[in-house]
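The listed protein sequences derive, respectively, from chains A and B. Heads up, the first sequence is in the numbering used here, so the first residue is 1 and it goes up one at a time. Heads up, the second sequence is in the numbering used here, so the first residue is 1 and it goes up one at a time.
Hints listed in this document are in silico derivations from the structure and should not be mistaken for laboratory results. These numbers were taken from a predicted model, which means no experiment stands behind them. Any given hint could turn out to be false.
[To be verified] Cross-link-like lysine to any residue pairs, in silico, SDA-like; alpha carbons within 20 Å at most:
1. K63/B to P66/A
2. K63/B to E89/A
3. K27/A to L43/A
4. K27/A to M29/B
5. K77/A to M19/A
6. K63/B to W84/A
7. K92/B to C76/B
This is what each chain is made of:
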Amino acid sequence: MQNTPIMIMLGSDDIHPEMLQKRHLEKLVAGLVEEGFDLFDVLRSVTINPVLHYGLDAGLLRPGDPADFIVVDDLRKMNVLETWINGAESI
Amino acid sequence: MEQIYILPGFIDAHVHIESSMITPGSFAMASVPHGTIGAVSDPHEIANVIGIEGVKFMIEDGKKTPFRFYFGAPSCVPATDMESSGARIGSKEIEALLDKYGYKVSGRNDEFSRSY
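Chain A on its own, in the form it takes in the complex (with noise of 0.2 Å):
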């Protein structure tokens, strides 16, 4: 990721369900930031990387995408407060 930030995207792989009901990307990216890796290179690996690289039509906050965004308290700590997609909270 230092040398290649735009080259990088983070996937869980084989998550099981009792990790998925304590985390999931948010703890992953958290622990990176925490690991001195740039935040925003991070952040691009779970957002930008996957949705230009693939070509998916998940919304990047870009002027006319669909609302997908979420809420966070602290850039280092990742608490998720809100996940909206497409306009709608996820409850």
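Please arrange chain B on chain A, whose structure you already have, making use of the hints.
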């Protein structure tokens, strides 16, 4: 006033939902509280068990939620001829999947190296 940050939602770029032992719908429900809004999923595990019908199930179940599921056409079914698996997905089945669902296949999902 507390500070908050708005970010694009997160995409799991490679995941086998079957390993979570829950259906796509439940996977969506479990992952959205963690900020995940979509997943690029390779359904080769269910495909290895029951073939195309399994892949179709995953796709149809995923469609029931607003979560953005993107399923790949699995390239390793079976992973090897040395196991007793439930199904085989060859070029005909892949073509059928692409036709029916208008897939964009951007590359291989998992590929197992030939070490035998």
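| Does C76/B lie within 20 Å of K92/B when you go C-alpha to C-alpha? | holds, 14 Å
| query | Are the Cα atoms of K63/B and P66/A separated by 20 Å or less? | reply | holds, 17 Å
| field | Pairwise hint evaluation, M19/A against K77/A, where the allowed Cα distance is 20 Å at most | value | holds, 18 Å
| request: Would you check the hint for K27/A and M29/B, treating anything up to 20 Å between C-alpha atoms as holding? | output: holds, 17 Å
| query | Hey, K63/B versus E89/A, does the alpha-carbon distance stay inside 20 Å? | reply | holds, 17 Å
| message | For a C-alpha distance cap of 20 Å, please report whether K63/B and W84/A respect it. | response | Holds, at about 17 Å.
| Holds or violated: K27/A to L43/A, with C-alpha atoms at most 20 Å apart | It holds: about 12 Å lies between the C-alpha atoms, which stays within 20 Å.
Checked against the numbered hints above, the structure breaks none of them.
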